[in-house]
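4 protein chains.
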Amino acid sequence: MSNTFGNIFRITTFGESHGAAVGGVIDGCPSKLAIDYKLLEEEMRRRHVGDGATQRNEPDRVEFLSGILDGETLGTPIAFLIRNTDPRSNDYNETDRLYRPGHADYTYMRRYGIRDWRGGGRASGRETACRVVGGAIAKMLLARLGISISSTIIHNPEPKPGDSSGGVIECVVNGLPAGIGDPVFDKLNARLAAAMMSIPSATAFAMGCGEKAAWMTGKEYRDEWNQDFTTKTNHCGGVQGGISNGMPVVFRTTFHPAVTINSDITNYIDENGMIHPVTVTGRFDSNHIPRTAVVVEAMAAMTIVDLGYRKVIREL
Amino acid sequence: MSNTFGNIFRITTFGESHGAAVGGVIDGCPSKLAIDYKLLEEEMRRRHVGDGATQRNEPDRVEFLSGILDGETLGTPIAFLIRNTDPRSNDYNETDRLYRPGHADYTYMRRYGIRDWRGGGRASGRETACRVVGGAIAKMLLARLGISISSTIIHNPEPKPGDSSGGVIECVVNGLPAGIGDPVFDKLNARLAAAMMSIPSATAFAMGCGEKAAWMTGKEYRDEWNQDFTTKTNHCGGVQGGISNGMPVVFRTTFHPAVTINSDITNYIDENGMIHPVTVTGRFDSNHIPRTAVVVEAMAAMTIVDLGYRKVIREL
Amino acid sequence: MSNTFGNIFRITTFGESHGAAVGGVIDGCPSKLAIDYKLLEEEMRRRHVGDGATQRNEPDRVEFLSGILDGETLGTPIAFLIRNTDPRSNDYNETDRLYRPGHADYTYMRRYGIRDWRGGGRASGRETACRVVGGAIAKMLLARLGISISSTIIHNPEPKPGDSSGGVIECVVNGLPAGIGDPVFDKLNARLAAAMMSIPSATAFAMGCGEKAAWMTGKEYRDEWNQDFTTKTNHCGGVQGGISNGMPVVFRTTFHPAVTINSDITNYIDENGMIHPVTVTGRFDSNHIPRTAVVVEAMAAMTIVDLGYRKVIREL
Amino acid sequence: MSNTFGNIFRITTFGESHGAAVGGVIDGCPSKLAIDYKLLEEEMRRRHVGDGATQRNEPDRVEFLSGILDGETLGTPIAFLIRNTDPRSNDYNETDRLYRPGHADYTYMRRYGIRDWRGGGRASGRETACRVVGGAIAKMLLARLGISISSTIIHNPEPKPGDSSGGVIECVVNGLPAGIGDPVFDKLNARLAAAMMSIPSATAFAMGCGEKAAWMTGKEYRDEWNQDFTTKTNHCGGVQGGISNGMPVVFRTTFHPAVTINSDITNYIDENGMIHPVTVTGRFDSNHIPRTAVVVEAMAAMTIVDLGYRKVIREL
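Chains as they are written, first to last, in my numbering: chain A, 1 to 316; chain B, 1 to 316; chain C, 1 to 316; chain D, 1 to 316.
Keep in mind that the hints were calculated from the coordinates and are not lab data.
For identical chains, the list gives no copy identity; a pair is met inside one copy or between any two copies.
BS3-like, lysine-lysine: derived pairs with alpha carbons at most 25 angstroms apart: (1) Lys-32 <-> Lys-311; (2) Lys-232 <-> Lys-219; (3) Lys-212 <-> Lys-160; (4) Lys-212 <-> Lys-232; (5) Lys-232 <-> Lys-160; (6) Lys-160 <-> Lys-219.
Whenever a hint applies, use it, and build me the whole structure from the sequences.
Here it is as structure tokens:
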């Protein structure tokens, strides 16, 4: 629950943005998987880059603490951490206790009665680094089976000067055999939706032709058979009745733009309901979409590995 | 997993469309809740109606087997069943073993190596009746706290003659206090997305302004504070950082049209890849959207009750 | 949780002793298992018999509602119910609201603020009938792999006239390969302990030589190797580090005698702390041990199937 | 599963004895708990001491990585690690790949096809340090409610020269109100049994009068009421129907002696079934019972906190 994702292949993450570290524990990874450190490094790099992307200059070095011996998994929990080497906690002060608009400051306070006021705390996008680690391990497992996951940014306006932009990322899973996904509540599409909507700033999820389906008739929407069990169209995005049908799994996730904008005068609110105009002078993303793509893929990879295990269990 | 939804307030459902019964077990419902049988009956009726809606004429009488004494919950599991009184299994014969396009026939076969060929089996929309029972109980719990859930069909074209139509349903939760929802993977929006996408024929989910967020700048999207902690706009749909902020929780779900259409010649496929044109003569929904609304509300209600319990646990 | 046992192969049970029915839902059973109805019937009979055993004369006919087609499992949830055909609720009246000594009447009231006063309610031994159904299915799965489970009553004094007796049941799992069980908290012995101690009236659990281990030295206790990886002794009961080692899995469970005795004058207590001597005139077990053996085996079978699935998942 | 204990208050542990670190993540701890570092330190010390106890001289300094700000919990996951500062991996060499008798070397190999041969790996008793951290936090939560947990060594022979001894630890929970524990499978006694039997070298668990119950009649065993709802005897150990009854919760756990003994010639076995007599020259515990007591308490504390939360959820 809460900070754990998955049932059989599962990751538990932890960490506040300006605490000692973020990290996670992956439990349920099969033994004898050779860790592809190059892939991991590349995925971490993809999450970190940016034109003017994130300017917080953390190397995001992943330190593994357990579960791996001589580069191979042991089947025991794989714990890792990423130190917050550049906390810059002094960037935050006078306005620390105020609630920013569009952030989780106020909601965490209502949820817990306390919050880590140093940056985004647990709600910071920094947490997604841990998802990328888990996703990289999941991709290594999928690669053995010829399953690959890739993503394309299909909408992402240039951020206006002094403002920010969001976008839409399409993700495709190729090579997934038919039969992955579980009825009734653990449908592949349902689990993907939860995975994507759990990413910070996600606002919408669409499977296959998504919202367009409501503007089609049943005959238009229906994916007709080819004789090899592929379908002539893929409106459903490769999932029928919650289970993969062997076609590419295709889905899109929409992300809203970052709401904190450098040099912007922003109206914060205090515990008593007083509004405080604050000139924001931190370093913030005007366009986080390019580096969110790898997070989308990571969540998809972990979702598929977790559900994939269920099918293995058909005959004891 | 699979046939269980929720963690603390949880429902496990069972049943094939043409087996003996569908039903479920609700575990984690607090004791001493007075069952509002009228509400339950009304919800079941809402799921059953239709212009030419579903023509399978089942009364859908809910029989409770446990967990209730003299109309009050005991805190023990509430089991219920809905007999399939009108199975009409003889409506199905020659073409029973064929895979219909756009259905889960083929995918269940790939998943399990066997399937219930009598109608949709476990993948049938009939299963949603059980969700409505769980949702009704959840609504009774929420009503005690002044939380209400309602839905509006915001798009639903008239079905063309000899065809079918889908639509979009908007759901609003009113009265939900700030502080409901859990970081990181159990965000309220993520859990709602999974809940909605698990409903048969769902294709897209949007929170607040949803996919429009990608066409807005950060300053446009940002929900500014009022002094009473409400916000001037509600683009985020009442959830920030995965936790409710006290504004109405607003989300939309898109559903594709039914793909089996009465009197339609449809290309089925057999196990060997041979295509068989079949004239469909069952009785099918040309427009399932009106009766899906109550299922949307039911899933929302159960999601909120389950997450709501977590907040209760702040201080032992 | 609570009314669900197992993670991958899981059973959720429901039902009060004098409600409409008891029953359960088995989720995670692989597809294409042929149901051995004879075995099931025999197991139900073993739970029912008794010299003067239980005198409540229920046939305990198991009705399957879903998950099975033509005698074969579908992979979907297997729901079943056992009607309470002979509720005799009029056996209970004046003293219904009183709390019996040694029963769960008072504790359920403190837990839930309400209780089913008709007999034992949810705490009744009648609930174990559902475990036997789940256990029978699990045994069918294990039989395919040559794994068998049997039990022996190793202590069970003749009940004294007008009194009752408990006993000790030893259970042995033969044919279990090495490698079943999970570190750290899901050790096979830990899971067996929870399974056994969840059976009504269980008071102690011992693995292998159990409590005797504390009276042995390390050299005496240590199970020495044979060259075929069997061990010269089996003090550990076939489990090392929580994982089966290929030797027979051996454990013992102790059960206390029934505390309600026919014709006995018993001191009940009411909500206000007043003691009421009551002459008990129901029909009660003076020796429940013979029919508890099949419950022990059922819980062991489900435990092993559930943990066994984990090992299957070593390589995706 | 596996490396996670608990449902609402849950700990996930990780780490091999001679890897970089052991540690854990506690999820579900309420916010605003002041960490009692003194208590934590004292508990860690209790686990470390020994006459000639463990001679591996690790300081076991707990480093918290998240979830705590200014000494107070945030409600977010509490991650901690304990570095293995003194791995002494060179104590292990020639005989590293052999399987010791009475250890988990062979079973881990059968489970995972690979194992950490450096000491006990994941199966090492070192893992219990993480349980003590979780237990200390749980004790802090219980202390606020006046619930205390203590233990007594009730049997623990002096280890013979050149041999080792086991023992029996009795644990008592005082101040626990009636109503904690869940039917049917999450009975307080069942959960305690699993908790205790998951501790390395546990061989038996007894609730209240335990195995003696089988030598008593029903009238002897039955705990009779006093007018204040206490009972005249406490044979059941404070739990009836799986739910606490307000009496002290009393249970005993038996532990076998350590099977690796300093200077002992021990018969190891290799992968091919060849026996190798090895003179053991590491540093090992001849009596681990004194330092196991705090682990027993830790597991009891976490069990009770986790089940305690369930009762809180009676009325939303």
